[in-house]
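*Asks:* Working from the sequences, and respecting the hints, build out all of it.
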Amino acid sequence: MPKASIVKAYFGAIIFTAMTALVAWINGDNSITIFHKALVGPLYLLATTGLRSFLPEELDLRRGIVGTAEYHFLNAAILGAFMLLVLEPHAGNLRAQLVSFGFFVSFVGTVNFGRAILERRKIGSRL
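Per numbering that gives the first Met the number 0, the very first residue in the sequence shown carries number 0; after that it's consecutive.
What the hints contain is simulated information worked out from the structure, not anything from laboratory work.
Watch out, some of these pointers could steer you wrong.
[Said to hold, decoys possible] The calculated label-pair distances, taken between Cβ atoms and stated as ranges, are:
hint, residue 1, residue 2, range
1, A3, G66, 27 to 35 Å
2, A90, P55, 33 to 41 Å
3, S4, T109, 31 to 39 Å
Quick reminder that beta carbons are idealized off the backbone N, C-alpha and C, glycines included.
*Replies:* If you want it as structure tokens, here you go:
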């Protein structure tokens with residue numbers, strides 16, 4: 000990996016972590032909670048990278064409908080977990096958090112899955 004790519008990767012992770020901490024600070028969290036939420040930022044980036052290692056981007060066009068849906072719904076679940084941990088909507092109400100998480104994953108996963116299918120059709124019609 001070239002040195003510039005390494006610097007870019009670290010810089011992006013640091014900026015993302017700082018933005019996560021900033022959101023926690025804006026939400027009025029205490030310093031320990033801000034630190035804990037900031038630690039979730041790099042974990043989110045690692046989780047999305049890890050998901051891509053199991054479902055590589057170069058195989059997206061050859062992946063079946065079920066595999067495409069799997070990737071987009073898992074990616075939405077990772078994002079939903081990150082948002083739930085950092086933003087803490089409905090703090091103290093498990094049922095509301097479960098409903099919010101389920102709705103978020105369903106909505107974002109469906110939208111991204113639909114976009115992927117449309118993109119696949121566009122590419123297929125050009126061939």
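*Asks:* Which hint numbers doesn't this structure obey?
*Replies:* Hint check: nothing fails, all pass.
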